[in-house]
Every structure is written in structure tokens, then in C-alpha cells.
Amino acid sequence: MVRSVTCHNYFWATLILLVSVTAHNHVGRVVAEFYHLGVCYERNGNDLPDPKTAVELCNKYGSKKIRLWSGDRDALEAQVNRNIAVTIGVKNEEITSLLDVLGSGADVWYRTNLMPYIGQVVFEYIVVSENAIKAYRFRDGFQGAITNLMGALSWAGQDSIKVTTAVSTSILGATFPPSNGIFKLELKANMAEVLRRIRNSAVEPVLMVNVFPYSYHAKGIIP
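Letter by letter, the sequence shown follows residues -23 to -1, 1 to 200 in mature numbering (1 follows the signal peptide of the UniProt record, and there is no 0).
Don't read these hints as lab results, they were simulated from the structure. Among the hints, erroneous ones may be present.
Below 20 angstroms or equal to it, Euclidean Cα-Cα: the simulated EDC-like pairs (lysine to aspartate or glutamate) are [unchecked claim]: (1) Lys68 with Asp49; (2) Lys68 with Asp51; (3) Lys42 with Glu19; (4) Lys29 with Asp51; (5) Lys42 with Asp27; (6) Lys42 with Glu101; (7) Lys161 with Glu181; (8) Lys111 with Glu163; (9) Lys68 with Glu19; (10) Lys42 with Asp84; (11) Lys29 with Glu19; (12) Lys111 with Asp49.
Turn these sequences into a full structure, and let the hints steer you where they fit.
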């Protein structure tokens, strides 16, 4: 499973980066703020650390953020009283259940995945899907899931938790140089609607983008 191996390598690569910077900082060569560095943690893969070990490694190397791809019970339990900012994902297959006009599906999702841990886990973001904007069966509807989750959070008094989505650079018609970036024509209207929904957040709106600059570096496009 390519995605699993990628997440596995990303987890350890991020920790290696943190260890390197920590070592440099220790001898006075680099002064760094680690708070904004984090890791992605997914349970589907080979030779992955268990949730408790993953959190201990984050604490050991100064990482204060972690992204969970779904509401995994064991992974959430490992975050209790750890003071790590958690980003939790809504899987693509969960989107349909969040689209009812009354918002009851979003309320159930909140009660199941977040409410048991409120006050014990620092929830920073909810990421509705991974690149759903590219999937035809979700493209015209998942924006409603964003709005419904915002409503569920507001009703629960937890609207400081940001709701967003994650996209890849494949939504762009041009990617390089960055100043020439533009949405693909067939996705432009959908992205405008996504941004409009996110802008309605009670807190500073955020759009997450999966960017892999090392790919451009490996191809010699950037130094």
C-alpha cells in the first residue's frame, strides 16, 4: 500500500528532522522553534509505532502537533493530557453521512470522535477528507460537510476548532513558478465554494495543501 508506506516514512523522516535540528540547537548552531512542526500518524502500514510510542517520540523530540487521519480510538486515547495539538481527519467515505440538511450526522460525528475527549485533548483542526475536491462523487457535496461540522462545533461551544479540507497541487492548472499558480478550470467553481465555506469559520480560516518540494528538487526544478 503506497500511501501507508508514505505515511510511515513521513513519520520517521519528520522525527529525524526534529532530532537533527534539536542536536544543532543543543550545541548553539541553530536556534529553532519546534512548536509548528508536527507528524502525520496513520494506523495502516507496516512496522508503525503504536499510538503511545508515537506520542512519546513527539514529546521527546519537541513536536507539538500531530495529524490523525481518522477518529481512531486508540490514537485519540494516546493524546489525552499530552498537550499536543491534534488534527483529526474525516475520511472520504464518511462525507455522505455528514450531508443531511439538519446536520444530525455532523452532530453524531462530533459526539463520537471529539466530545469524549474535550478538555483532555487539544483539538486544533478537523480536516474534511483528503483531496475530495478531485473525486467526482464528492466534488459537489462535501462543502456541506464542512458547514455542518462548523454548525455542530458552534452548537457544542467548540467553534475555536478550525474546520478545513486538504488538497494537493493537482488542483492547479499551473504550479511553477508559484506566482503562476491557478486552479484548474473544471475545479475553479468548486474551490471558490470551498474557500467561501472555510472563510465562514469562527476563527482564522485555513486551507491545507499537501506540498512535496523535494519532488521538484529531485527533478532539478528548484535548488
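Consistency of the hints with the structure:
A distance of roughly 11 angstroms separates the Cα atoms of Lys68 and Asp49; the hinted pair therefore holds under the 20 angstroms criterion. With a C-alpha separation of about 17 angstroms, the suggested pairing of Lys68 with Asp51 holds against the 20 angstroms cut-off. As the CA atoms of Lys42 and Glu19 are separated by approximately 14 angstroms, the hinted pair is consistent with the 20 angstroms bound. Taking the CA atoms of Lys29 and Asp51, the gap is near 9 angstroms; set against the 20 angstroms cutoff, the hint holds.
At roughly 17 angstroms between alpha-carbon atoms, Lys42 and Asp27 fall within 20 angstroms of each other, so this suggested pair holds. A distance of roughly 9 angstroms separates the Cα atoms of Lys42 and Glu101; the hinted pair therefore holds under the 20 angstroms criterion. Using a Cα cut-off of 20 angstroms, the hinted pair Lys161 and Glu181 is violated, with the two alpha carbons roughly 26 angstroms apart. Note on Lys111 and Glu163: the hinted pairing holds, with a Cα-Cα distance of about 10 angstroms set against a maximum of 20 angstroms.
At most 20 angstroms may separate the alpha-carbon atoms for a hinted pair to count; Lys68 and Glu19 meet this at roughly 12 angstroms. With a C-alpha separation of about 25 angstroms, the suggested pair Lys42 and Asp84 falls outside the 20 angstroms cut-off, and the hint is violated. Between Lys29 and Glu19, the direct Cα distance comes to roughly 13 angstroms. Compliance with the 20 angstroms bound is thereby established for this hinted pair. Distance check on the hinted pair: Lys111 and Asp49 sit about 25 angstroms apart at the alpha-carbon level, beyond 20 angstroms; violated.
Hints 7, 10, 12 from the earlier list are contradicted by this structure; the remaining hints agree with it.
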